[in-house]
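Chains as they are written, first to last, in the working numbering: chain A, 1 to 243; chain B, 1 to 243; chain C, 1 to 243.
I should point out that these hints are in silico values taken from the structure, not numbers from a laboratory.
Don't take every hint at face value.
No copy is singled out in the list; a pair is fine if it fits within one copy or between any two copies.
SDA-like cross-link-like pairs, simulated, lysine to any residue; straight-line CA separation at most 25 Å [said to hold, decoys possible]:
id, residue 1, residue 2
1, 127, 4
2, 126, 183
3, 219, 140
4, 126, 184
5, 127, 242
6, 2, 157
7, 219, 197
8, 219, 232
9, 126, 45
10, 162, 213
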Amino acid sequence: MKLTFVLVHGSMHDGSCWDRVIAELSRQGHAAYAPTMAGHGAGAGHFFTQADCVDSVVDYILERDLSDFVLAGHSFAGIVIPNVAERVAARVNRVVFQNAMVLEDGECIYDVITPEHQQMFDAILKKEGDRTNWMLPFEVFRERFINDADLETAREVYARLKPVCVYSQNEKINMRGFQRLNVPRSYINFTDDIVLPHGEYAWYPRMAARLGLCRVVQKPGSHEVCYTNPGLLAEALIEAGRP
Amino acid sequence: MKLTFVLVHGSMHDGSCWDRVIAELSRQGHAAYAPTMAGHGAGAGHFFTQADCVDSVVDYILERDLSDFVLAGHSFAGIVIPNVAERVAARVNRVVFQNAMVLEDGECIYDVITPEHQQMFDAILKKEGDRTNWMLPFEVFRERFINDADLETAREVYARLKPVCVYSQNEKINMRGFQRLNVPRSYINFTDDIVLPHGEYAWYPRMAARLGLCRVVQKPGSHEVCYTNPGLLAEALIEAGRP
Amino acid sequence: MKLTFVLVHGSMHDGSCWDRVIAELSRQGHAAYAPTMAGHGAGAGHFFTQADCVDSVVDYILERDLSDFVLAGHSFAGIVIPNVAERVAARVNRVVFQNAMVLEDGECIYDVITPEHQQMFDAILKKEGDRTNWMLPFEVFRERFINDADLETAREVYARLKPVCVYSQNEKINMRGFQRLNVPRSYINFTDDIVLPHGEYAWYPRMAARLGLCRVVQKPGSHEVCYTNPGLLAEALIEAGRP
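Can you build the whole structure from these sequences, using the hints too?
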């Protein structure tokens, strides 16, 4: 069965992070599209809201008249794809979260991260305000985001990242429309992803538990498998996205 | 070392679910037997008690005079094999639980499932009583039981399932005899089995912790690996079952 | 990139447990050294302190003038390598814990093991005092330490183990120096290691959470992967140890 995917990147990334995943999906006969959200890629460094991100993905879908697709989101995109799904519900077969945020109605990202990360953001907010752009230190990226890569790959991927507006961590998200939506959902858990550290604050099973009936697909790999193992990520997307 | 297995199926299944596992075990020189429990297979749709299940497996073992074997049970069979082991203790080398219920003395299945599943059974019991037969909806089977299969396989396996009498969820089990038994035990955890969702109510480590000294074997795969990956299940059974 | 490792064995073991791992690392062009700690190997059966263990590893490093290396420790060695790192800090590039104890300042091993194991040690201490040597029963070793091996391998490895002085379980460790040290750290979690049973008392993520910013590498295998899968352990050491 041939599938169509709309793949939505995470924070600091842009649509190009999916390039090698799309190549693998295409090789297997599937179609895949990877929009870059507002405030990311060429638009990085500017203020943006979650609504801007949602609009940019919805516009991308409508411009191309995409339908009958799997809507997948990674990391930060977990707060974007539920509202995209709500807006273009008739076009979406399934929503797939890959180590992605799943918020309760009215929550923001700040509410679900560890106390240590909250303190870090508190310090930034106090000093620079919520319109400032923030960049992850390399050391943290290397150890927690791309723990399965060698140093050279870690540096290459880090060089592609762009700062993100701190406002996005504190914006409360409306999840009521998505919660009412009867769209099938899957959660992909890469088991070496320690961006949210394993245990109480982990991606999985915590975030998947918020989705109700949900197919789970697990594979070994870090937060940056789009770079470190794009073939396995393609496999996970197919297993999670098929009917 | 050549092993002999008695493999006991889970709820809604019958002995034939092990066919491809047995073929793989045989190919490697091991012997394996797979009785169908009372109230399952051809007997599905009738009222049965846990004692009926135990009797049918014990009878199967005695009729064939099986001994020196590994007694393995999947899912629901976790409430059957402890009492089988107690009844034919001298014949059993080891007891193996594969993503199976392990109850404390006097518990029933209802006591260990999630509050959501309890509410579902409460509604059935209130409406139809405990002698009614119940069938898992396909949607739940596809997402939670056989998450590692394609849709065609999911449909084929679902077509083989038979309804189960709700009474079996509420029957309290005597575990005192098994707890006194000094038989070695193993727990096989297929890490993508989300029939009991990962977290507080998960199969593993929760159920294994109730077994005391216990060998653990883990492999990737869903609740239905007997169908989706029989070769890997055979491997797990050998690793769990050998001395 | 070619790496140098100093590999520190766990309790009951000696430096020779790394032989096949070192062979594999060497084959890939890396250098590796495996000292035997005081009170272990030929010195087993004698009283020793944690300071003796630290001294013996530091002496080994200084005698060979090793520098620019990854300091890795398994199991019990987790209470030794932090103080070694503190003593020869300028020589150590990274500290790697492989299913190893990570203590808080002033804790002893007894403080972090399960209540069941605490009771077992209480009984030994009451009966024989803390200078007695204690040997793990084969049955426990076979099921919990080397659950991924066949019986023959389990027996061969067990025959190599030596008793350990019970005092080492109760000695409080000074971790303040290590905590101030800015050395990168990694945690290797072999996911089938049930020496500390999975759940509340598990090695991972509990011990890794005590290390702050920490790279995590996970692989399938038991506590005794140095024997059951030395190639995969070498791979894990490289992934955990590289810059």
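Hint check results:
In this homomeric assembly, residue 127 and residue 4 never come within 25 Å of each other (Cα to Cα): the closest approach is 44 Å inside a single copy and 43 Å across copies. Within a single copy, residue 126 and residue 183 get their C-alpha atoms no closer than 40 Å, and across copies no closer than 30 Å, so neither meets the 25 Å cut-off. Both within a single protomer and between protomers do residue 219 and residue 140 lie at most 25 Å apart by alpha-carbon distance, with minima of 22 Å and 22 Å respectively. Within a single copy, residue 126 and residue 184 get their C-alpha atoms no closer than 41 Å, and across copies no closer than 29 Å, so neither meets the 25 Å cut-off.
Proximity of residue 127 to residue 242 under the C-alpha cut-off of 25 Å is found in neither arrangement, the shortest distances being 46 Å within a copy and 35 Å between copies. With identical chains, the CA atoms of residue 2 and residue 157 are at most 25 Å apart between copies only, with a shortest distance of 22 Å across copies and 30 Å within one. In this assembly of identical chains, the alpha carbons of residue 219 and residue 197 lie at most 25 Å apart whether taken from the same copy (17 Å) or from different copies (17 Å). Proximity of residue 219 to residue 232 under the C-alpha cut-off of 25 Å is found in both arrangements, the shortest distances being 8 Å within a copy and 16 Å between copies.
When the C-alpha separation of residue 126 and residue 45 is checked against a cutoff of 25 Å, the pair qualifies only within one copy, where the shortest distance is 19 Å, while the shortest distance between copies is 59 Å. Only between protomers do residue 162 and residue 213 lie at most 25 Å apart by alpha-carbon distance; the minimum there is 22 Å, versus 35 Å within a single protomer.
Of the numbered hints stated above, those contradicted by the structure are hints 1, 2, 4, 5, listed in ascending order.
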